[in-house]
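Undergrad: Chain residues, written in single-letter form:
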Amino acid sequence: MSQAPLMIETKNVTKKVTTNEGELQILHPISFQVKAGESVAVIGASGSGKSTLLGLLAGLDEVSTGEITLDGEPLHSLDEEQRARLRGEKVGFIFQSFMLVQSLTALENIMLPAEIAGLPNAKKLANDILVKVGLEHRAQHFPNQLSGGEQQRVAIARAFITNPKILFADEPTGNLDSVNSKKVEDLLFALNKNSDTTLILVTHDSQLSEKCDRQLRMTAGELVEQQPRLKVVSGD
Amino acid sequence: MMAFNLAWRLFKHEARRGELTIILLAIILAVASVLSLSLFSERLQQALTDRSAEFIAADSQLRARAPVDPLWIEEASKYNLSTAFQLSTRSMVFAGDELALSDVRAVDAAYPLKGSVKLADIPFGEGIVTSQSVPAGEVWADSRLMQVLALNIGDEVEVGEAKLKVTQILSEIPDAGFSVFNTDPTLLMNQLDIEQTKITGPGSRVRYKYYFAGEPSDLDDYYNWLRPQMNREVHRWTSIEDDESAIGNSIARAEEFFLLASLLAIVLAAVSIAVAAQRFSQRHFDPVAIMKTLGAGKSMVRTIYLIQISFITLLGIMLGSIVGYLIQQAVAVGLQGQVEVALNTWYWRPLGIAVFTGVTCALLFSLYPLLQLFSVPPLRVLRRDISSTVSSKVLQFALSGGAVFLLMWVYSGNLKISGILFAGGIVLVASLLLMTHVLIIVGRKLGSGSMGAWTLAWARIRRRAMGNSVQLISFAITIMLLLVVLVMRNDLVKQWRDQLPEGTPNYFVANITEAQKEGLKEHFTANNVSYEKFYPVARGRFVAINDDKVRTDVTKEGEEAANDGRQGLGREANLSWTTVLQSGNEIVDGKWHDNWQEGEPVPLSVETEIAGRLNIELGDTLTFNLGSEIINAEVTSMRKVNWQTLQPNFFFVLHPKAMENFSATYITSFNLDESRKNEIAALMAPFASVTLFDVDARINQVREIIDQVSMAVEFILILVLVAGSLVLVAQVQASMDERLEELAILRTLGLKGISIRFSVINEFFIIGGVAGLMAALANEFSLYLLQTLVFQMPFSLHFEYWIIAPLVGALVVGLLGALSCWRLLSLNTAHLLRKMV
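Quick mapping for you: the protein sequence lines, in order, are chains A and B. So for the first sequence, this note's numbering puts the first residue at 1; every next one is plus one. So for the second sequence, this note's numbering puts the first residue at 1; every next one is plus one.
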């Protein structure tokens with residue numbers, strides 16, 4: 001692992017937003033590194049800044065100050081279009097509320113990132129991965145015709161179709177019951193392992209976080225603890 | 001290609017799942033209402049124009065004081081126009097020892113091109129249409145001429161040097177015109193006989209009329225060819241559009257009403273598209289955020305949604321065109337027999353306008369919601385509260401307002417009517433916004449307290465103050481537009497019908513002497529005939545204004561004035577005198593002369609239009625020559641005259657003092673019921689020297705057209721009402737989406753379905769009621785602008801709608817809200833929650 005190249009590197013990343021009450025700092029300077037193939041859980045209480053950090057790392061949002069490098073590309077200096085291209089090429093996503101397009105079938109939802117990335121055999125890829133998540137019989141169903149667990153499995157299939165280098169998962173089991181949570185967890189980690197993807201997982205679930213190589217704990221916008229091996233390298 | 005495939009896939013699924021229903025319906029509504037209204041009104045107008053063309057016996061006339069170059073008439077055939085000819089002059093007609101100054105008209109075989117000649121079996125009998133033209137050597141004499149000359153069929157009359165045989169009693173010719181001052185009876189003859197009469201020699205006042213009929217574009221082309229060669233002093237081109245009569249005015253107003261109704265239908269459609277496009281955009285915030293998260297750039301998202309909107313627009317336009325065509329066809333077929341509508345004619349202009357409307361509405365009204373959609377940040381996948389980075393009400397109003405104005409202008413081609421409606425609309429929206437906020441603040445107190453259904457409803461209204469303001473305004477505007485069309489229709493139809501109320505006089509009597517006046521009154525009373533006022537008349541030559549001699553060209557032009565209910569100023573003017581202002585007359589400047597004092601100059605009231613034409617001003621002294629006497633009178637008032645009433649009207653009304661030394665004749669009118677028509681000859685026999693006019697046919701023609709126009713207006717009203725109702729449905733549907741989340745939460749928290757239902761119904765009831773009240777107020781403002789600036793009608797307040805509109809608004813909106821709510825709440829809680837995702 002120590003020989004693996006860096007997949008993510010943040011240097012003094014902060015995030016401030018302007019509210020009616022004035023400027024609010026959501027993230028205090030944060031610096032850490034994640035190596036390729038590593039799985040990292042970001043844990044912390046609600047409002048601690050986990051999702052904000054995830055948004056910044058995935059290029060969904062812009063940093064206020066600091067630098068983020070994703071697979072060697074300086075996210076902080078890319079514009080929105082360039083970040084979109086980067087996400088399409090290298091990043092997969094799984095969300096707590098599944099975030100499937102309601103007017104597309106399960107198969108079409110899975111095809112979506114492959115089509116956006118311009119892959120020629122999107123449908124075949126989608127069918128293949130649909131088999132892997134055990135939902136081939138649900139290919140033509142729309143999201144509202146699927147159970148929560150099934151929807152999340154479709155979302156996982158969608159996340160993996162482009163073989164992303166890094167996968168961001170925001171509370172992937174947060175909306176599921178224990179049985180479905182277990183299924184989704186197993187599927188997520190199995191696919192992650194097989195495809196050697198870097199995983200950044202935001203979760204409240206301590207059991208889930210323990211399955212990761214490492215845990216980053218956030219409190220009030222600060223990274224206060226890195227387990228088990230890395231030390232906090234920055235902060236106030 | 002990927003964008004196209006994805007757009008097609010989204011379109012296909014969403015259309016199948018009914019998610020595009022609202023926006024599709026809105027576009028269908030826009031296209032269908034514009035197409036059906038404009039196609040129907042185009043067809044109706046064509047039918048009415050055709051009908052009206054009968055009044056001038058052609059589509060257009062060229063009137064001349066001298067024969068025109070025959071090449072002009074030959075040229076008309078190159079423009080596919082049919083032509084006819086009439087020569088007319090006043091000449092003595094002799095029958096034995098009897099003689100009468102007559103309106104002699106010599107026509108060719110093609111006369112009339114429009115309308116028909118009617119003949120009667122007996123004088124003043126019912127006219128029957130004839131397709132024949134008067135043969136050479138024969139004449140057709142009208143009932144009055146038959147009466148005056150004591151003629152029988154087969155008698156011979158002398159016209160100039162020609163002896164011609166009376167073979168028919170003329171009941172009606174289409175372009176007879178109507179004037180109680182034009183007392184000459186009519187004689188119709190063949191133009192081939194004119195030469196032998198020798199009545200067209202030097203000094204005779206001969207008028208030449210050339211009639212043209214054909215396609216409007218051909219007529220326009222021909223007129224453009226002819227115009228440079230015409231001499232204004234000698235030639236005059238007239239069309240039915242130039243008709244200033246009751247018919248002409250009714251049709252002009254009907255056309256303005258159709259235009260207004262169509263413009264309002266466009267605004268209604270635009271409102272529904274705006275509502276639907278906003279809803280469409282909001283429903284796609286998530287898919288856009290997802291696509292962006294998965295790597296789609298802004299341009300890709302833009303392409304996908306522009307293609308999708310194009311699919312929707314295209315489908316909407318296609319379906320809208322079909323629906324629009326079917327609606328107007330159904331209306332036209334339903335009206336067959338009652339309204340003459342040219343069913344077989346297809347007009348491309350309405351389809352072009354409808355497609356243009358669909359495209360413009362769909363693009364311009366979708367633009368702002370689409371801009372919002374394109375700007376949805378990918379971060380929304382993590383933070384659902386983030387929606388769009390574009391939020392400019394100014395941009396939204398500029399785009400929507402610009403689109404509405406563009407459509408109005410393109411459609412009407414009338415900057416004035418578009419400008420008035422648009423400016424009125426802006427003032428309205430601003431006032432409504434203000435009123436809404438005030439009402440919501442006032443309603444706050446009602447919203448506090450325990451959680452009853454009413455309280456919940458007010459609380460919800462208060463909480464979504466801004467959203468509800470917009471919703472209230474859109475409801476109010478929709479209701480207002482419906483009210484405008486409804487009230488305008490009522491006022492117009494009432495005004496038209498008021499022109500010809502039951503018992504409208506159908507006979508006029510002129511040339512009644514002072515000695516006959518009382519006797520005739522008694523005779524009418526004894527025979528149970530209701531008669532109108534007796535107006536004194538004297539013919540005087542109008543000679544000077546402030547001692548400046550009146551130019552002859554002015555008086556000559558007066559003779560050519562429109563001939564329907566309106567007497568032009570000829571060499572001799574008809575003067576009347578009274579101290580009681582005639583009904584339908586209004587003093588607009590100066591003071592009516594009912595308080596004249598001895599010693600002051602003789603007061604005179606002048607009709608405004610003739611005053612303008614002759615540059616007569618208050619204080620001017622006008623000189624008239626009556627026989628050998630001179631009358632000088634000072635202009636003390638200007639009168640606006642309603643020429644549309646079928647009653648004698650006068651350009652000049654003097655104080656009786658000025659006329660005390662002159663003998664007058666009188667004119668009056670009376671109504672004789674249809675069943676008593678055959679009594680007319682016997683009734684008037686004791687007064688054989690007075691001149692009788694039968695205007696029944698004329699009245700019936702006017703009444704028939706007014707009935708047809710009124711009927712058509714009713715159907716257009718229904719079309720607009722249907723359009724408006726659909727808009728209301730779309731609005732309720734859209735606002736129901738916004739309530740979905742709250743309904744689901746309340747339901748999940750265990751609030752009883754009945755309470756939720758009542759709170760939603762109450763909310764819509766309140767919104768509908770308030771919107772109705774605002775609409776009633778806004779309606780008065782809009783009507784004031786429309787009636788005073790566009791329709792030139794008197795304005796009055798419509799208090800009944802101040803009560804009706806809030807009640808109907810509350811009921812309709814409440815009911816629609818209830819229906820939508822019922823559908824949602826019939827789903828179980830899990831289903832409801834899933835719908836939210």
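Calculated directly from the structure, the hints in this document are not laboratory data. Honestly, I wouldn't trust all of these hints.
When the alpha-carbon atoms are kept at most 27 Å apart in a straight line, the in silico DSS-like pairs for lysine-lysine are as follows [what the hints assert, rightly or not]:
hint: 1; chain 1: A; residue 1: LYS132; chain 2: A; residue 2: LYS11
hint: 2; chain 1: A; residue 1: LYS211; chain 2: A; residue 2: LYS183
hint: 3; chain 1: B; residue 1: LYS298; chain 2: A; residue 2: LYS123
hint: 4; chain 1: A; residue 1: LYS132; chain 2: A; residue 2: LYS165
hint: 5; chain 1: B; residue 1: LYS298; chain 2: B; residue 2: LYS521
hint: 6; chain 1: A; residue 1: LYS123; chain 2: A; residue 2: LYS183
hint: 7; chain 1: B; residue 1: LYS533; chain 2: A; residue 2: LYS123
hint: 8; chain 1: A; residue 1: LYS16; chain 2: B; residue 2: LYS12
hint: 9; chain 1: B; residue 1: LYS549; chain 2: B; residue 2: LYS533
hint: 10; chain 1: B; residue 1: LYS12; chain 2: A; residue 2: LYS124
hint: 11; chain 1: B; residue 1: LYS533; chain 2: B; residue 2: LYS591
hint: 12; chain 1: A; residue 1: LYS132; chain 2: A; residue 2: LYS183
hint: 13; chain 1: A; residue 1: LYS165; chain 2: A; residue 2: LYS211
hint: 14; chain 1: A; residue 1: LYS165; chain 2: B; residue 2: LYS494
hint: 15; chain 1: A; residue 1: LYS211; chain 2: A; residue 2: LYS124
Simulated DEER-style distance windows between Cβ atoms [as the list claims (entries may be wrong)]:
hint: 16; chain 1: A; residue 1: THR18; chain 2: B; residue 2: LEU306; range: 40 to 48 Å
hint: 17; chain 1: A; residue 1: ASN144; chain 2: B; residue 2: GLY401; range: 53 to 61 Å
hint: 18; chain 1: A; residue 1: THR18; chain 2: B; residue 2: ILE718; range: 30 to 38 Å
hint: 19; chain 1: A; residue 1: ASN20; chain 2: B; residue 2: TYR347; range: 52 to 60 Å
hint: 20; chain 1: A; residue 1: THR65; chain 2: B; residue 2: PHE781; range: 53 to 61 Å
hint: 21; chain 1: A; residue 1: VAL131; chain 2: B; residue 2: VAL722; range: 46 to 54 Å
hint: 22; chain 1: A; residue 1: GLU67; chain 2: B; residue 2: ALA398; range: 35 to 43 Å
hint: 23; chain 1: B; residue 1: GLY352; chain 2: A; residue 2: ASN144; range: 23 to 31 Å
hint: 24; chain 1: A; residue 1: GLU136; chain 2: B; residue 2: ARG17; range: 18 to 26 Å
hint: 25; chain 1: B; residue 1: ILE718; chain 2: A; residue 2: ASN144; range: 34 to 42 Å
hint: 26; chain 1: B; residue 1: GLY352; chain 2: A; residue 2: THR18; range: 26 to 34 Å
hint: 27; chain 1: B; residue 1: MET711; chain 2: A; residue 2: ASN144; range: 16 to 24 Å
hint: 28; chain 1: B; residue 1: ALA398; chain 2: A; residue 2: GLN82; range: 26 to 34 Å
hint: 29; chain 1: B; residue 1: PHE781; chain 2: A; residue 2: THR18; range: 54 to 62 Å
Pulled from the structure, derived: some chain B residues nowhere near chain A, Cβ distances all over 10 Å [to be verified]:
hint: 30; residue: THR197
hint: 31; residue: ASP286
hint: 32; residue: VAL790
Glycine included, each C-beta is placed from N, C-alpha and C at the ideal position.
Undergrad: Give a verdict on every hint.
TA: Evaluated hints:
Between LYS132 of chain A and LYS11 of chain A the CA atoms are separated by roughly 38 Å; this puts the pair beyond 27 Å, and the hint is violated. For the given pair, LYS211 of chain A sits about 14 Å from LYS183 of chain A by alpha-carbon distance, which is consistent with the 27 Å threshold. For the hint linking LYS298 of chain B to LYS123 of chain A, the alpha-carbon distance of about 24 Å falls within 27 Å, and the restraint holds. For the given pair, LYS132 of chain A sits about 19 Å from LYS165 of chain A by alpha-carbon distance, which is consistent with the 27 Å threshold.
For the hint linking LYS298 of chain B to LYS521 of chain B, the alpha-carbon distance of about 89 Å lies beyond 27 Å, and the restraint is violated. Between the alpha carbons of LYS123 of chain A and LYS183 of chain A the distance comes to roughly 25 Å, so the proposed pair stays at or under 27 Å and holds. A hinted pair counts as satisfied when its Cα atoms are at most 27 Å apart, and LYS533 of chain B with LYS123 of chain A does not qualify at roughly 92 Å. Between LYS16 of chain A and LYS12 of chain B, the direct Cα distance comes to roughly 42 Å. Violation of the 27 Å bound is thereby established for this hinted pair.
About 34 Å separates the Cα atoms of LYS549 of chain B and LYS533 of chain B, which puts this hinted pair outside 27 Å; it is violated. The straight-line distance between the Cα atoms of LYS12 of chain B and LYS124 of chain A is roughly 21 Å, inside the 27 Å bound, and the hint therefore holds. Proposed proximity of LYS533 of chain B and LYS591 of chain B is supported: the alpha carbons are some 23 Å apart, at most 27 Å. Distance hint between LYS132 of chain A and LYS183 of chain A is fulfilled; the C-alpha atoms sit about 13 Å from each other, no more than 27 Å.
At most 27 Å may separate the alpha-carbon atoms for a hinted pair to count; LYS165 of chain A and LYS211 of chain A meet this at roughly 19 Å. Pair hint LYS165 of chain A plus LYS494 of chain B does not hold up; C-alpha atoms about 78 Å apart against a cutoff of 27 Å. Distance check on the hinted pair: LYS211 of chain A and LYS124 of chain A sit about 31 Å apart at the alpha-carbon level, beyond 27 Å; violated. Separated by about 32 Å at the C-beta atoms, THR18 of chain A and LEU306 of chain B break the suggested range of 40 to 48 Å.
In this structure, ASN144 of chain A and GLY401 of chain B break the distance hint of 53 to 61 Å, their C-beta atoms being roughly 38 Å apart. Evaluation of the 30 to 38 Å hint for THR18 of chain A and ILE718 of chain B yields a failure: the beta carbon distance comes to about 54 Å. One distance hint, 52 to 60 Å for the beta-carbon pair ASN20 of chain A and TYR347 of chain B, holds here, with the actual separation near 58 Å. Between THR65 of chain A and PHE781 of chain B, the C-beta spacing of about 56 Å keeps the proposed range 53 to 61 Å intact.
For the pair VAL131 of chain A and VAL722 of chain B, the beta carbons lie near 52 Å from each other, so the given range of 46 to 54 Å is met. Look at GLU67 of chain A against ALA398 of chain B: about 41 Å separates their beta carbons, and that is inside 35 to 43 Å. Take GLY352 of chain B and ASN144 of chain A: their Cβ atoms lie about 42 Å apart, and the range 23 to 31 Å is violated. For the hinted restraint 18 to 26 Å between GLU136 of chain A and ARG17 of chain B, the CB-CB distance of approximately 23 Å keeps it satisfied.
A hinted range of 34 to 42 Å for the beta carbons of ILE718 of chain B and ASN144 of chain A is consistent with their spacing of about 40 Å. Distance hint check: the CB atoms of GLY352 of chain B and THR18 of chain A are about 50 Å apart, inconsistent with the given range 26 to 34 Å. In this structure the supplied range 16 to 24 Å is violated for MET711 of chain B paired with ASN144 of chain A, their Cβ-Cβ distance being about 50 Å. The hinted window of 26 to 34 Å between ALA398 of chain B and GLN82 of chain A holds, with their beta carbons roughly 32 Å apart.
Distance hint for PHE781 of chain B and THR18 of chain A: a CB-CB separation of about 42 Å, inconsistent with the stated range 54 to 62 Å. With a minimum CB-CB distance of about 86 Å to chain A, THR197 of chain B clears the 10 Å threshold, and the non-interface call stands. The beta carbon of ASP286 of chain B is not kept farther than 10 Å from every beta carbon of chain A, the shortest such distance being approximately 7 Å. At roughly 46 Å from the closest C-beta of chain A, the C-beta of VAL790 of chain B stays outside 10 Å, upholding its exclusion from the interface.
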